[in-house]
Amino acid sequence: MSIEVRNITKTFGRFTALCDVSLSVPSGQLVALLGPSGSGKTTLLRVIAGLEHPDGGSGSVLFHEQDVAGQHARDRHVGFVFQHYALFKHMTVFDNIAFGLTVRPRHRRPGRDEIRRKVQDLLRLIQLENLANRYPSQLSGGQRQRVALARALAVEPKVLLLDEPFGALDARVRQELRRWLRRLHDEIHVTSLFVTHDQEEALEVADRVVVMNAGRIEQVGTPDEVFHQPATEFVLNFLGHVNVFRGRVQQDRVVFGSLAVDAPGAAAAEGGEAKLFVRPHELDILVHPGRFDCLPARVTRIQSAGPFVKLELLTEDGQPVHVELSHDRSNRLGLHENDTVYVRPRQSRVYLGQYSI
Amino acid sequence: MAGTIAFRTGSASSGAAGRPAITEPAPVRWALIGVSLSFLGLFLLIPLAGVFVEAFRKGAGAFFAALRDPAALAAVKLTLLVAAIAVPVNCVFGLAASWAIAKFNFVGKNLLITLIDLPFAVSPVISGLIYILVYGLHGWLGPFLSAHDIEIIFAVPGIVLATLFVTFPFVAREVIPLMQVQGNDDEEAAITLGAGGLQTFFRVTLPNVKWAVLYGVILCNARAMGEFGAVSVVSGHIRGKTSTMPLHVEILYNEYNFVAAFAVASLLALLALATLALKSFVEWRSRRPFAEAPDAAVLEDLSHEH
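Chains A and B supply the protein sequences, listed in that same order. Each residue of the first sequence is one higher than the one before, starting from 1 at the first, in our numbering. Each residue of the second sequence is one higher than the one before, starting from 1001 at the first, in our numbering.
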């Protein structure tokens, strides 16, 4: 079931959490709402769930082309998973999962056996079959979050909304659980929207990523698109580390010290400021400058523990530059601290004021 | 250096069962414990024991005779009646106020929080006098009340009102902080699962705060039965009619009827002991620890699937 949000604005006092936001999530996809804290991603999720009302008269929320703005949260049939699980402490795992079924009005409530069967199925799905009689406090964080997910799925929601579902877990469990969520989604295909501030999580798990900043959507795209073709400076910055070089436009090129990058069409901004963005893995290191355009720099630190070798360099004008090389490449170069090397971008993005090339 | 570290970790693990690494020397500890215990004994235990000694000074017969006295029985009944009204009313008020304060924002919220504490800040005698000022014969509503033949001051309603005022904060004070800590997540989860307002309250909110409510109720009950000041002002001390147990004790004492006075007082003392026992039980029950499963468990059972 698709979700569509049209022109939603939400303010809390003087703070604008959402500013005229529109978004559409196609049926069956797993979509990440990614952004820093305060960017409005959780508010958007809560507006969709009906836990928060958008500002008077602004916009609408549609499930499967049907306007649900007038519906109470309990009638929207969304599954909502909270960052801190929000499991009912005084109920067993079984009763927690069955809750949504047992609170139904009598004529729509399934029979006891049916509820039992359904809860057992869900317990199998979350791989906690033998913990049905435990209380939430007797479970680990990861187990609790899976119970919360099963509880949300028990009512067969039209859409599943997850608010920082792995935010309270430690790094290893988090990674394990997000892969599990991806596999689960491939199995059950319920349209899902999850909030995260962790770009790695969003890129790894989601079909599509919605990058938010300051109450607005900056970009919507596949993980590849937002990572490789960031629409704005913010998206580029937010999705991983990036080196920024400041320079000026000269004719058809943008010049950054001894480095110049072709920028067709930049001439119109002759003499204007330009910024060059290069991710650490898009920089190459040369021992000799050769005939390429490159920036001389001094190696200040080599960190080779990890999948990549991370280099910290300092350019002549004192700007730090971060570079990631493969171990192979690094070994071939045979670098040491305090060596002078030449940095060359293999790929880069130039931003002239607001326009990107 | 390495030796020092090894020595330290060694002593820490061997001392794990004993006292923590940082503490006062033994004489200081014993002095502090001694002062506290002798203070308790002198000012609490001896007087408490004194109540029972005095009550049984002329034997068990005199003790039970004093309790069977119609005026004493009336005082016990009145006290029970007052508590039976004050406790449920404050329970409902306390839950309503806590819910309002913890779950929504509204104009006057801070004023409400301050007002809940008012009975703690005001001397009980003053609160009694306020009721006389409002409902008394010469008070603001006095002419209206006497015209309609409604008795409040020097009658049971006045005693109930004064007790309500004094016990007002007990339940709310216990429940508000807990509800504030718990936040709205559980209720929101219940609502998104389709639960109605009453279902959410009775199946999620109330169970979450039930021990705090019970704790508040116990304290509220103890205070309702033991209140003297405010009740003394509005009751008029009509023997067998508007005397609660504490007031009856005072009347008997003023008549030099020490055995009877202490016999009734011993009932109040027993109430206090029962309250303490219940309170400890509730504290223990509400904090009963559960074994926390390590987060590694989740990795194990997820990896079974590969």
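Errors might be hidden in some of the hints.
DSBU-like mimics (lysine-lysine), calculated; alpha carbons at most 30 Å apart, straight line [as the list claims (entries may be wrong)]:
1. K1279(B) <-> K89(A)
2. K118(A) <-> K158(A)
3. K1241(B) <-> K1077(B)
4. K89(A) <-> K1241(B)
5. K1241(B) <-> K1103(B)
6. K1103(B) <-> K158(A)
7. K118(A) <-> K89(A)
8. K1058(B) <-> K89(A)
9. K1058(B) <-> K1279(B)
10. K1058(B) <-> K1109(B)
11. K1058(B) <-> K1210(B)
12. K1103(B) <-> K1077(B)
13. K89(A) <-> K1103(B)
14. K89(A) <-> K158(A)
15. K1241(B) <-> K1109(B)
With the Cβ distance kept under 10 Å, some of the chain A side facing chain B (calculated, not the full set) [said to hold, decoys possible]:
16. L51
17. H53
18. V103
19. R106
20. P110
21. F234
22. V299
DEER-style ranges, computed between Cβ atoms [unchecked claim]:
23. T1114(B) <-> G167(A): 31 to 39 Å
24. L1198(B) <-> Q29(A): 53 to 61 Å
25. E114(A) <-> L1198(B): 41 to 49 Å
26. E156(A) <-> K1279(B): 42 to 50 Å
27. G167(A) <-> V1181(B): 16 to 24 Å
28. V1092(B) <-> E114(A): 32 to 40 Å
29. I1113(B) <-> H228(A): 49 to 57 Å
30. G1108(B) <-> G167(A): 29 to 37 Å
31. P110(A) <-> L1067(B): 57 to 65 Å
32. S1036(B) <-> P110(A): 45 to 53 Å
I should point out that these hints are in silico values taken from the structure, not numbers from a laboratory. Don't be surprised by glycine CBs; every beta carbon is placed ideally from N, CA and C.
We went through each hint and held it up to the structure:
1. K1279(B) <-> K89(A): 22 Å, holds
2. K118(A) <-> K158(A): Between K118(A) and K158(A) the Cα gap is close to 17 Å, so the pair holds against 30 Å.
3. K1241(B) <-> K1077(B): It holds: about 10 Å lies between the C-alpha atoms, which stays within 30 Å.
4. K89(A) <-> K1241(B): 48 Å, violated
5. K1241(B) <-> K1103(B): Outside the cut-off at roughly 43 Å; violated.
6. K1103(B) <-> K158(A): Roughly 28 Å between the alpha carbons, so the hint for K1103(B) and K158(A) holds.
7. K118(A) <-> K89(A): At roughly 21 Å apart (the allowed maximum being 30 Å), K89(A) and K118(A) satisfy the hint.
8. K1058(B) <-> K89(A): 54 Å, violated
9. K1058(B) <-> K1279(B): 33 Å, violated
10. K1058(B) <-> K1109(B): Status violated; Cα separation ~56 Å.
11. K1058(B) <-> K1210(B): Outside the cut-off at roughly 44 Å; violated.
12. K1103(B) <-> K1077(B): 39 Å, violated
13. K89(A) <-> K1103(B): Holds, because 19 Å separates the two Cα atoms, which is no more than 30 Å.
14. K89(A) <-> K158(A): 26 Å, holds
15. K1241(B) <-> K1109(B): At roughly 40 Å apart (the allowed maximum being 30 Å), K1109(B) and K1241(B) break the hint.
16. L51: Hint on L51(A): holds, closest Cβ of chain B at ~5 Å, below 10 Å.
17. H53: Result: violated, 14 Å to nearest chain B Cβ.
18. V103: Holds, about 4 Å.
19. R106: It is violated, given that the least Cβ distance between R106(A) and chain B is near 12 Å, above 10 Å.
20. P110: 13 Å, violated
21. F234: Not OK, violated: F234(A) not within 10 Å of chain B, min 30 Å.
22. V299: 33 Å, violated
23. T1114(B) <-> G167(A): 31 to 39 Å: 36 Å, holds
24. L1198(B) <-> Q29(A): 53 to 61 Å: 37 Å, violated
25. E114(A) <-> L1198(B): 41 to 49 Å: 24 Å, violated
26. E156(A) <-> K1279(B): 42 to 50 Å: 46 Å, holds
27. G167(A) <-> V1181(B): 16 to 24 Å: With a Cβ separation near 19 Å, G167(A) and V1181(B) satisfy 16 to 24 Å, so the hint holds.
28. V1092(B) <-> E114(A): 32 to 40 Å: Check passed, 37 Å falls within 32 to 40 Å.
29. I1113(B) <-> H228(A): 49 to 57 Å: 54 Å, holds
30. G1108(B) <-> G167(A): 29 to 37 Å: For G1108(B) and G167(A) the Cβ distance comes to about 35 Å; the hint holds.
31. P110(A) <-> L1067(B): 57 to 65 Å: Once the Cβ atoms are compared, 58 Å apart, the range 57 to 65 Å for L1067(B) and P110(A) holds.
32. S1036(B) <-> P110(A): 45 to 53 Å: Once the Cβ atoms are compared, 60 Å apart, the range 45 to 53 Å for P110(A) and S1036(B) is violated.
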